[in-house]
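Student: As a plain string of letters, each chain reads:
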Amino acid sequence: MQLQNEVERKLSGRMALGSRAFLWLTVVVAAGVLAVLAYTQRWFTPTLALYFYADTASGLNRGMAVKLAGFNVGSLEKVSLQGELRIRGRVVMDRHFRDSVGKDARIRLFRDGLLGTYALTLIPGTGDPGPVEDGDTLSFEREPDYGTLAIGLLERAAPVIEDLRALSATLANPESGLPKTVRSLNEAAAVWRETGSDASAFVADARRLTADARQLTADARQLTREFPARLEPAAAALERNLVQIEAIAKELNLSTQATLDEMRTSLRSIRGAADAAQRLTAEDASRVLRRAEDVLVDAEEITGAVRRNWPVKNMLPAAGDRLIELDSADGAGRPQSAAPAP
Amino acid sequence: MAALATLSCSSPAPQTAAEQSRDEAMLAQQRAHGALARGDVRGAQNQFLDALDRGRAVEDQDTVAIGLLNIAAVLHRSGELAASRARLIELLEHQPPFAPEFAGRAEARLALIELQSKRLQESARHAHNAEALCGASCPWRLALGNIQAGIALRSGDLASAEVRALATRTAAASANDIREEANSLRILGEIAGERGQGAGARAALLAALELDRKAAIPERIALDLLALSRLELALGERKAARDYARRAADVADAARLAALLAAARGLLSESQ
Chain Y
1 MQLQNEVERK
11 LSGRMALGSR
21 AFLWLTVVVA
31 AGVLAVLAYT
41 QRWFTPTLAL
51 YFYADTASGL
61 NRGMAVKLAG
71 FNVGSLEKVS
81 LQGELRIRGR
91 VVMDRHFRDS
101 VGKDARIRLF
111 RDGLLGTYAL
121 TLIPGTGDPG
131 PVEDGDTLSF
141 EREPDYGTLA
151 IGLLERAAPV
161 IEDLRALSAT
171 LANPESGLPK
181 TVRSLNEAAA
191 VWRETGSDAS
201 AFVADARRLT
211 ADARQLTADA
221 RQLTREFPAR
231 LEPAAAALER
241 NLVQIEAIAK
251 ELNLSTQATL
261 DEMRTSLRSI
271 RGAADAAQRL
281 TAEDASRVLR
291 RAEDVLVDAE
301 EITGAVRRNW
311 PVKNMLPAAG
321 DRLIELDSAD
331 GAGRPQSAAP
341 AP
Chain E
1 MAALATLSCS
11 SPAPQTAAEQ
21 SRDEAMLAQQ
31 RAHGALARGD
41 VRGAQNQFLD
51 ALDRGRAVED
61 QDTVAIGLLN
71 IAAVLHRSGE
81 LAASRARLIE
91 LLEHQPPFAP
101 EFAGRAEARL
111 ALIELQSKRL
121 QESARHAHNA
131 EALCGASCPW
141 RLALGNIQAG
151 IALRSGDLAS
161 AEVRALATRT
171 AAASANDIRE
181 EANSLRILGE
191 IAGERGQGAG
201 ARAALLAALE
211 LDRKAAIPER
221 IALDLLALSR
231 LELALGERKA
241 ARDYARRAAD
251 VADAARLAAL
261 LAAARGLLSE
271 SQ
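Which chain is which? The protein sequence lines are Y and E, in order.
First residue of the first sequence: 1, per this note's numbering; consecutive thereafter.
First residue of the second sequence: 1, per this note's numbering; consecutive thereafter.
To be clear, the hints were calculated from the coordinates, so they are not data collected in a lab.
Just so it is clear, the structure is predicted and the values come from calculations on it, not from any experiment.
Hints are supplied without guarantee of correctness; some may be wrong.
Here are the in silico distance ranges between beta carbons for each label pair [what the hints assert, rightly or not]:
{"no.": "1", "chain 1": "Y", "residue 1": "D128", "chain 2": "E", "residue 2": "T16", "range": "26 to 36 Å"}
{"no.": "2", "chain 1": "E", "residue 1": "D53", "chain 2": "Y", "residue 2": "D134", "range": "29 to 39 Å"}
{"no.": "3", "chain 1": "Y", "residue 1": "D136", "chain 2": "E", "residue 2": "D53", "range": "22 to 32 Å"}
{"no.": "4", "chain 1": "E", "residue 1": "Q95", "chain 2": "Y", "residue 2": "R86", "range": "19 to 29 Å"}
{"no.": "5", "chain 1": "Y", "residue 1": "R90", "chain 2": "E", "residue 2": "Q272", "range": "49 to 59 Å"}
{"no.": "6", "chain 1": "E", "residue 1": "A259", "chain 2": "Y", "residue 2": "Y51", "range": "35 to 45 Å"}
{"no.": "7", "chain 1": "E", "residue 1": "A175", "chain 2": "Y", "residue 2": "P129", "range": "51 to 61 Å"}
{"no.": "8", "chain 1": "Y", "residue 1": "R106", "chain 2": "E", "residue 2": "A259", "range": "33 to 43 Å"}
{"no.": "9", "chain 1": "Y", "residue 1": "D134", "chain 2": "E", "residue 2": "P139", "range": "29 to 39 Å"}
{"no.": "10", "chain 1": "Y", "residue 1": "A169", "chain 2": "E", "residue 2": "E93", "range": "22 to 32 Å"}
{"no.": "11", "chain 1": "E", "residue 1": "A258", "chain 2": "Y", "residue 2": "D134", "range": "25 to 35 Å"}
{"no.": "12", "chain 1": "E", "residue 1": "A175", "chain 2": "Y", "residue 2": "Y53", "range": "45 to 55 Å"}
A virtual CB, placed ideally from N, CA and C, is assigned to each residue, including glycine.
Isolated chain Y (complex conformation) (with noise of 0.2 Å):
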């Protein structure tokens, strides 16, 4: 009897420190798996929060990658709603990379490639503000389109348009431009031969001038002919690229939509494809943009130059400011969204 519980308290001694063994090894093994994703996590990274502001957060979403040089360094931790029209990001960045983004960088929403997603990139600035810290707010922008741009360029196109077609109907009017301006000087130049006096010389001087307001003229209408003749070729191409930007735009879309397994599995091609077809356009897209701003630029300054210059200033009527007078029906057919004045 004794000996059977002396045999029993061994058993239950060893029994116990077995479990307890094992209880100590499986709280140890938890922590060390909480430890490694804490640490996947970067609960332990130390990071920082920069903030910018938006007009709106199309294209934001929470988590996406914070780029810098191409490098993951960090993420977009929140986009809240700010007011009425503005949108305030938070990003967290690790802090490792701080002394790579000064204060004066800004944050761009890019898209990776024509098919990619969006992702937000650190743009060093050109100053040298100092590294940022933690809660400093960084200028935000938005990678420019070439519809954007086109259509911008085509906006500063129509006022010049406008000017060379003035331009050239004040120029070739028979009542008050240049050939009235002719008519002038050659009836001038006939008086003087009338009056008997000594006006070879005057003669002679008004027949120079006569051919230098006739080149003149020929010159002007050569001009008036010439640079819309000019633009309208660039203005062609540039319409053409546009459809055909748009055309590719669409297309990926729909194959987008209606074949995204297939194109998972053949990813690869297809991203080549986009890459050669964005280099393609990008290149043909701003090719053309830089010709028509080219053009654009000579016309502007031509055109400026023109009206400057007499006697074409004293012919053309003075742009002015054009004030947008009151009308008393002002509004009276807009929904209106007026809230209530204080």
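Chain Y is fixed; fit chain E onto it per the hints.
Tutor: This is chain E only, laid out in the frame that chain Y set:
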């Protein structure tokens, strides 16, 4: 003479920075008016803001005042009364103060905004200020006359409203201002309607419609047709009301005036 001609045809003196800035502001204004003509209100607003910024950068008071007035006008016509009001108050509170020709326009537009917001006392105060700044004659005199007629009408003083509207109509006709003449006729039509004078109201509104068609302003044509439809409905003439409402819907649909189209469809349902 040859020397003079040669001299004058030589290249112009280089522009100063101020002249260049002014030219750029005027170009922005030109683009803005072009955008307005195309119906691109947002684009026009951006261009006017650009012109305003350029004027502010060189403290060109006139450009700043014109920019603020134009932005306020565009906002007002888009129905954004609060934003328009803010710009006008900014103009009136500007230091140094702007010239009376700009302050007067701002007061007159504020009077109209307050009238449309049903704040009659404020509207009357701004109208009084605009009248004081107008003097003997000013570009906003006719519009101000109609606004004051509108204030009297909304206050229930039909007699004063009629006197103002008739005087403004006469002045507008002699100044060949079709828009304000039509606006005066619309107010006279409303006054006649308030008095229960159906025939008089109809005649005034038809005359306003004729003028607005001559000026080819779709929004005003639709407003006149809607007013005629409401008048005919009040007089019990359902068929006539339906015809006017249908015409108003066609005009509003073609001119993409969503609010007026909705009003016309509402009247069509009412007059069924």
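Student: Determine for every hint whether it applies to the structure shown.
Tutor: Verification of the hints:
Range check, D128/Y to T16/E: about 34 Å between beta-carbon atoms, so the 26 to 36 Å window is met. Against the hinted window of 29 to 39 Å, the Cβ-Cβ separation of D53/E and D134/Y comes to about 33 Å, which satisfies the hint. Checked against the hint of 22 to 32 Å, the pair D136/Y and D53/E passes, with Cβ atoms roughly 26 Å apart. For the pair Q95/E and R86/Y, the supplied restraint of 19 to 29 Å holds, since their beta-carbon distance comes to about 28 Å.
Restraint check, R90/Y to Q272/E: a C-beta distance of roughly 56 Å satisfies the suggested window 49 to 59 Å. The supplied range of 35 to 45 Å is met by A259/E and Y51/Y, whose beta-carbon atoms lie about 39 Å from each other. Hint check: A175/E to P129/Y, Cβ distance near 60 Å, so the stated range 51 to 61 Å holds. Look at R106/Y against A259/E: about 40 Å separates their beta carbons, and that is inside 33 to 43 Å.
Roughly 57 Å separates the CB atoms of D134/Y and P139/E, a value that falls outside the hinted 29 to 39 Å. The supplied range of 22 to 32 Å is broken by A169/Y and E93/E, whose beta-carbon atoms lie about 44 Å from each other. The supplied range of 25 to 35 Å is broken by A258/E and D134/Y, whose beta-carbon atoms lie about 48 Å from each other. The hinted range of 45 to 55 Å is satisfied by A175/E and Y53/Y, whose Cβ atoms lie roughly 49 Å apart.
Of the numbered hints stated above, those contradicted by the structure are hints 9, 10 and 11, listed in ascending order.
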